[in-house]
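Enquirer: Could you build all of it, start to finish, from the sequences and the hints given here?
Protein chains in written order, with this note's numbering: chain R, 3 to 299; chain Z, 65 to 379.
No lab work stands behind these hints: they were computed from the structure. Keep in mind that this is a model prediction, so the values were computed, not measured. Treat the hints with care, since some could be wrong.
What the hints assert, rightly or not - Derived EDC-like pairs: lysine to aspartate or glutamate, alpha-carbon spacing no greater than 16 angstroms straight-line:
(1) Z:Lys278 to R:Glu59
(2) Z:Lys264 to Z:Glu171
(3) R:Lys19 to Z:Glu171
(4) R:Lys19 to Z:Asp172
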Amino acid sequence: MNSLYYQKRLSRNIGDKFFTSLSVICALIAILPLIFLVTYILIKGGSQITPELFALEPNPPGDDLDAGGINPALIGTLIITTIASIIAIPVGVGGGIYLAEYSKGGAFSRFIRFGVNVLAGVPSIIAGVFIYALIVSTKILFGSMYSGLAGGMALSILMLPTVIKTTDEGLKLVPNELRYASLGVGASMYTTILKVTLPSAFRSIATGVVLGIARAAGETAPLIFTALFSYYYITGFGDLFYEMGSLAVLIYNFALEPYDAQNKLAWAASFILVLSILSVNIFSRILAAFTEKTKRV
Amino acid sequence: MEEKLTLFKNRKRFGIEKNIDIIFKNTALVLSSFVAIILLGIILVVFFQSFESFSRYGLKFLVTSEWNPVKDEYGAFTAIYGTLVTSFLSLLITIPLGVGTAIFITEDFVPKVFREIIGSFVELLAAIPSVVLGLWAIFVMEPFFRAFFVFLHNFFGWIPLFSTEPTGRNSLLAILILVVMLLPIVTSIARDSLNQVPKKLRNAAYGIGASRWKTIFSVILPAALSGIMAGILLALGRAMGETMAVTMIIGNSNAFSWSLLSPGYTISSMLANQFGEADGSQVSSLFYAAFVLMILSLIVNIFAQWLVKKFSLKY
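Expert: Below is the structure:
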């Protein structure tokens, strides 16, 4: 028998075939439910979408058939995520600038980078517990307990590590020649950072930040006892200091209701949440791939 | 010439510009230290809030399972056991599936386009909010698995893990939804570390006559092991802290049972359930439980970081 030919019966070839099919099976088991999950959410949720959904308040659960809409929750999610971004982006970008531009790899910056990774691993519900102890139970915000503002703060804790990390890594990719050139023509350090390095890292930082925001928008655990939930329209600035609904908490609350109408509302809210998060993700991926190809440096 | 020289001599930084520079640097410094402040703040606040309960129950809190707000008796054993069991068992299922999928994506079984589509699809799934997964688990997964659980109980009921009659939500469902959540994490990190193994190693193994899977098992997996381990630990941390999907499907019962087919509790689901309505020493006990959860996840995370630093690939 010619040993140069592929021999099917050889134990190593049988073993190879076996493991190959095993990994194919693994991939199938892993991927099929996931595909099923996404299509199910999109179809089941998409079929509940009506114009009134965006305009009405949710009705308190009961056995009446009309559940109303999700307007307050939708607006609430936008407000809470905005508050979180207003806190986390300046702090995160500033911190990232220090790590990438000023620090010289000493003990302090190593400790901060370590802290960023640890903070990223802190369970999201702990952020809620922390803000509850610090802000909700102490009524430190003008005597209000549960509030949209507190919810935004809890979310900002979750966003912060992402923002710092992407800023730090984005700035580190900027070639040093740019910095030397800017400093060489007499620009000061802050002009260099604000006018040269930050703008050239803008896209990668923006992508990371937007992904961070999208992730925060779907977080529920930090909100259930900081922002709580509300059935009523958000009418003015003062509502920031009261309980505020959000899509995520609406899904949680209404999924556990025994009434069909509320469950349908939860599916509709999931559809909106998943669709927006997925489209932000896909869009930033395409953008990132596009920048990769057109990068000049 | 003369004029130019004087210009050059007079070209000094204005005092205000210098000050702005200093202020800018220090602002950045303060902002970066916020991370440390928040982290320490979380640890201290949770610790001090749990102090009352800690001084009353001590370490007994960790091993008793009575949780009775009426009698004011608290012990978190059921929740701690639930946290550990759900996260470890879900990881046990996820590791072979995730690493197998990662190998499938990094080998050339199918054209590159398909592999990249599968890879980015898996990554996209990590972006789905856990509360949505919980909703899906309640309305799709639970009915789907009901018959299977009855079968499991009828034939393997003699094993303590399956000894109770399945009634709706239970720990096993929580484990399964955790698998769905952890798969993207383990798969994408394992894929990245497999991709980082230099091609030279693979070619060398092929060159001396190793078959494909001999190469994978003896060369590529060992070389990528530290990265995969770190990914697994990150997933473990995530599983222990995961709240929403688990809370919605685990059944939330503090009655201790060895069986996975009975409703259970995890620390995070206990917090999510009770924190809003708790008062008195129950709040302190909940903070104690939160402190335990935090320490568990801190240990896992720090260990993961140490592992990455210590064994990161050096080629």
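Enquirer: Run every hint past the structure and note whether it holds.
Expert: The hints, checked one at a time:
Taken as a hint, the Z:Lys278 and R:Glu59 pair is broken in the structure, with Cα atoms around 61 angstroms apart against an allowance of 16 angstroms. The suggested pairing of Z:Lys264 with Z:Glu171 holds, with an alpha-carbon distance near 15 angstroms, which does not exceed 16 angstroms. A threshold of 16 angstroms between alpha carbons decides the hint, and for R:Lys19 with Z:Glu171 the separation of about 14 angstroms falls inside it, so the pair holds. About 14 angstroms separates the Cα atoms of R:Lys19 and Z:Asp172, which keeps this hinted pair within 16 angstroms; it holds.
Hint 1 from the list above is the single one not met by this structure.
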